[in-house]
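**Student:** With the hints as extra help, turn the sequences into a complete structure.
The residues making up each chain are set out below.
Number of protein chains: 2
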Amino acid sequence: MLDKIMKPRSVAVVGASTKQHTIGSDILKRLQEYAFCGPIYPVNPKGGVIEGLQAYPSVLDIPGDVDLAIIIVNSRFVLQTIDQCHEKGILGLCVISAGFKETGAEGARLEAELLERVRRYGMRCVGPNCLGVVNTHPGVRLDGCFAETLPERGNIGFVSQSGALGGGILNILKDLNLGFSQFISIGNQADVNAETALEYWENEADVDQILLYMESIHDPANFRRLASRISKKKPILALKAGRSAAGASAASSHTGSLAGADLAADALLRQSGVIREFSLRDLFATAKVFANCPIPKGDRVAIITNSGGPGIMATDAVCEQGMTMAQLSDDTKAKLRAFLPAAASVKNPVDMIASAPIEHYKQTMETVLADPGVDMVIVIYLPFLGLRDTDVARAVMDVKAAHPEKPIAGVFMTKNEFFSALAGTDVTVPFFMYVEEAVDGFERLNEQRRWIARPEGRIPVFDADREGAAGIMKAALAEGRAQLTTRESIDVLSAYGIRVCGSGFARTEDEAAEAAGRIGYPVVMKMTSKTTSHKTDVGGVRVNIRSEEELRAQYRDLVARLETRGLLDGLEGVIIQEMVTGTREMVCGIATDPQYGPMMMFGLGGVFIEVMKDVTFRIAPLTDQDAADMVRSVKAFKLLEGARGTKPADIARIEETLLRLSQLVADFPFVDELDINPLMISEKTGEPVAVDGRIKVRLEEARAALG
Amino acid sequence: MLDKIMKPRSVAVVGASTKQHTIGSDILKRLQEYAFCGPIYPVNPKGGVIEGLQAYPSVLDIPGDVDLAIIIVNSRFVLQTIDQCHEKGILGLCVISAGFKETGAEGARLEAELLERVRRYGMRCVGPNCLGVVNTHPGVRLDGCFAETLPERGNIGFVSQSGALGGGILNILKDLNLGFSQFISIGNQADVNAETALEYWENEADVDQILLYMESIHDPANFRRLASRISKKKPILALKAGRSAAGASAASSHTGSLAGADLAADALLRQSGVIREFSLRDLFATAKVFANCPIPKGDRVAIITNSGGPGIMATDAVCEQGMTMAQLSDDTKAKLRAFLPAAASVKNPVDMIASAPIEHYKQTMETVLADPGVDMVIVIYLPFLGLRDTDVARAVMDVKAAHPEKPIAGVFMTKNEFFSALAGTDVTVPFFMYVEEAVDGFERLNEQRRWIARPEGRIPVFDADREGAAGIMKAALAEGRAQLTTRESIDVLSAYGIRVCGSGFARTEDEAAEAAGRIGYPVVMKMTSKTTSHKTDVGGVRVNIRSEEELRAQYRDLVARLETRGLLDGLEGVIIQEMVTGTREMVCGIATDPQYGPMMMFGLGGVFIEVMKDVTFRIAPLTDQDAADMVRSVKAFKLLEGARGTKPADIARIEETLLRLSQLVADFPFVDELDINPLMISEKTGEPVAVDGRIKVRLEEARAALG
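Which chain is which? The protein sequence lines are A and B, in order.
Here numbering that gives the first Met the number 0 is used: the first residue of the first sequence is 0, the next is one more, and so on.
Here numbering that gives the first Met the number 0 is used: the first residue of the second sequence is 0, the next is one more, and so on.
Calculated from the structure, these hints are not laboratory results.
Check the hints yourself; a few may be wrong.
Chain copies aren't distinguished; within one or between two, either way the pair holds.
Said to hold, decoys possible - Lysine-lysine pairs mimicking DSS-like chemistry, simulated, CA-CA at most 30 Å apart:
#1 Lys18 x Lys361
#2 Lys646 x Lys233
#3 Lys646 x Lys525
#4 Lys6 x Lys414
#5 Lys525 x Lys683
#6 Lys334 x Lys405
#7 Lys346 x Lys332
#8 Lys634 x Lys612
#9 Lys612 x Lys637
**Tutor:** Okay, structure coming up:
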């Protein structure tokens, strides 16, 4: 797919230059310095010799076949260069030149023409406005990138949307001893984007983990489809910048006002099994752990230290990350006790005391790793007189080699020199300066373990009265309304099998009794009148009616009172409503993100929505797993489980409600906002009941769809 | 106070040794290497010459005066050494020897004897079981510490409770270019502890900021008194480890079960104006910012960058930290536009584009710093061909020198070599690798700014019926009850002027009408009977009684119903209660931490307490500022302000409630638990009303206090 670009057998550098410290000179130097495995053809109108290589006036003059053209010419010459590349039979492009979409409308037009040609010629293209591409495979050795630093060999596939940043990152990776196999600076991502890279790397043996720096996601649905599949095979770590840029959404619903671009991105990454980091520092720390550790069997962490303080701090961090401090077996403790000094502590964290020699490090690690109750081990070293930190590190790596099945991390609170000394050597254990870095990394391993174990979600299909719902919406559209009435909204929900508050209309006592019998007691009775709007003031609302006898008595009393006051004339009848009582008011709904499309929302409703913001979002469509995750990811889940003596809520039915809403918006993609607030948890039955609902559609789109 | 230890004119090393790689040898070497300004006297029973210095068999043989004795002998010889030091007239001790409290009961006894001698002899003592002390002042140059690294000169006073960790930290500080002026490894803190150091450094010109690594706080009340005063003059940064160790509290009340040692420590540090960090990494990053930046005038941050990506990430971080992105003035933008290239962005973040030369860095910084709408500036540099990062850094420092009044931080996403190159040079700007580190540091500056601006709190004294409350408690004690009844609890609260739900007892219809008239309608009427416990089942609870007429009717109806059922005999009478209606249920109370004493709690009550944990704690006694902070630091404060059309709560009255509770527990320190749950916010008046209360005392202590 991207082989012509990432594994080229030959490279042309169009815009190669003899002028020092220009990209046209640097790229060529990098290609040579890194010893590219195939021929390199500089292209320059003047021809001649550049960096010792024969240069050609145009790609058409190159004698051999060319897989990849790296293009550095001024943007106004890019299109004709692509035409010549096509004529030459080149299928891979990497356009480093800037001056496209990023400069405004004119550049955007140029970029559109570029893309049109790439498509028409059957090429693939990285860029424009990018830093280049790298492949460190010994059979390729392509450094087609103008970063300061030569690439370090490793197992990471890395995509960066920011050019300059990509260069900075390459420097840092090298210092962190983090090598990579392939690097793509996607720039303006006219053709190749993060999704292309994901798909390309899915079955690439050389790539064991994928790192993404993103400012936007090109096609969220496609990203989700690919990432959720690939993340089960290889960890995908992402830094998504631009979290705060979204600003307040103008939507009027609760669902809308609580959403926002970052919530959508966050939901998408979560549903895709992508491990999200919020700073480059954390991104790289996590990558270091994945590069050197297997996925653990569980979350039980053992800590081995020669100093109490860091042991305490590591314990704090393990607990705060929600992992488990391993309980060492009596057998393990006895074995440790047999060789550690009396002042040592053989409980987890195991404190070997300051003077622990290397032999104690080895033996303690061996003993703790052999304990079946231990899934991961953190080894802490603080400098002690006469010991060399690099010797201790070597011992840790030796033990690790014999125990490849359990993650091991080292925390060496020593001089920077130690880390510099490691750089360039064959390091097989992630070493950090601070305990929290190791613990955070382990928590990500644990996250990946849970994601792998998570069943494949499926999108269930429920029976629904799609035609009925469409009819209701059409009626509103016919009146020019984008906003459905409460009644219409409730009816649409009901058509989709969502349990709504039962109600009926009655004009007589017998009809009222019949409606109440159908709905089931207790009920609420509300008069509806053309002349009396303040129902409550005239006793027109009767709550908690428990029997037909009571209902008939109340009905007669109501009529009598109205008659006394001369208000009977306007009475149209009464609405009989199911009386749903409960203290747990939830909220769910749909919001539409301009980029990510419809999003589902669930959480704590009532007066607490804005204050507590105990809500969670997922991108539609929902799988059953997504729905299950949603319900369990709000704090209020404890209330649903039946905290403090309340009846447990019907969780399955809540999940179904979310899934049915997801189906609704899949059927009617022009639904812009939908709120069920409250979704009351019935105290009697525990089931979720939509007591109030509102739906808003996008008028033009709805009209086009419903005809 | 600690001058004899921290600024000694002469030092004896008792236990000096000729044996290499022992503490007795290393300490002596360090003292010499670091060129201690006074005479050094090795003490060794064998005498002779050690490290080129004349050794003496005992301190008594030393010819000159000795200020400080550093003691390294085996713990069993420490007491006699101290006796000899006393005889010699030595007043400063630093006991490095281990084998005291940390080893068990025997060692604890030895430590008690040590302390007794220190007190009796009028000495001060650091340790035992510590790493030593350091003072980098050129007039002292004391390195009485066996860390690997020689100390770096700077303006930090640093206290470490962990010896080995302290050593590791000294290494790291040096790498971070973070120098310090004084370092005390307090070890077992038999005499000198963090509080002693705080007090000593309060007026020490050489110490500009104080760093604490703590696992416990010796005397929380004293710590608070000192730290809250000193933190207004010098920032105090603390890492308190052992957060998770506390485990679940066994207390039965909500207040108790939500508390726990770390909540107490967190509250104490907050009330003391101490900036709390949760990892050493963050502690040092913050220290670096304080070491090189003034306190800003506001929270408006401007970002200057040569790459878009890091600018976006910095913007994200600024927003997430709750700070403000500075709005550059039109004037500033015009000035920037005048020299920056067309592709540059002159809005904040200012993107000078990748090729920005040093001159643009300087001019942009000058222009942005001159904008009165900017309080702090972050300068980001990503490597660009032909520029040297150290040259850019030098330019940033040059501009900073001309603008000492505004904090400036640098983020240089470049090679580690850059940071190594900085180490040892005179760096005046905090440089970081990642944007989040600079932003976090600025947020701490901002926190310190707010703390300095926060008015001194006062502890108000309210009129309260202390005798009345004592009488109620005594009555419970007389019956052997630690737990007060609801009635008693409510009466105690009432005696302390806390607005409780009004109620009265009545035996007749007239008494009931009289009580209701006194309380004010609407009221609730509840029967109280010796024979009928299920009041509700027999219609014994009548709510929302709105008038005397209705009350009398309901009373008669109640009596009639009981008569019909033959239940009248057991009737004692009725309780008339004020009917407090409201949807906002708060909670407040007192919990007792075994180490920190009484703590005040406030937050969202009702079914949400455990689920939302939207509660906050402060150590008693509360100042008016503490009470104001408490009410404003829970999310539910928005509900109190009157979100969504509810009446604003009487905030002043809520604060007063907390302050009155604080006074109550100051008067009766044996109150172990106190809950007001709910503290209902009256929908009608907005005032907080204690609807239910429970108080539990510590029986023995209460009896002793109340006689």
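**Student:** Which numbered hints are broken by the structure, listed smallest first?
**Tutor:** Number 2 only.
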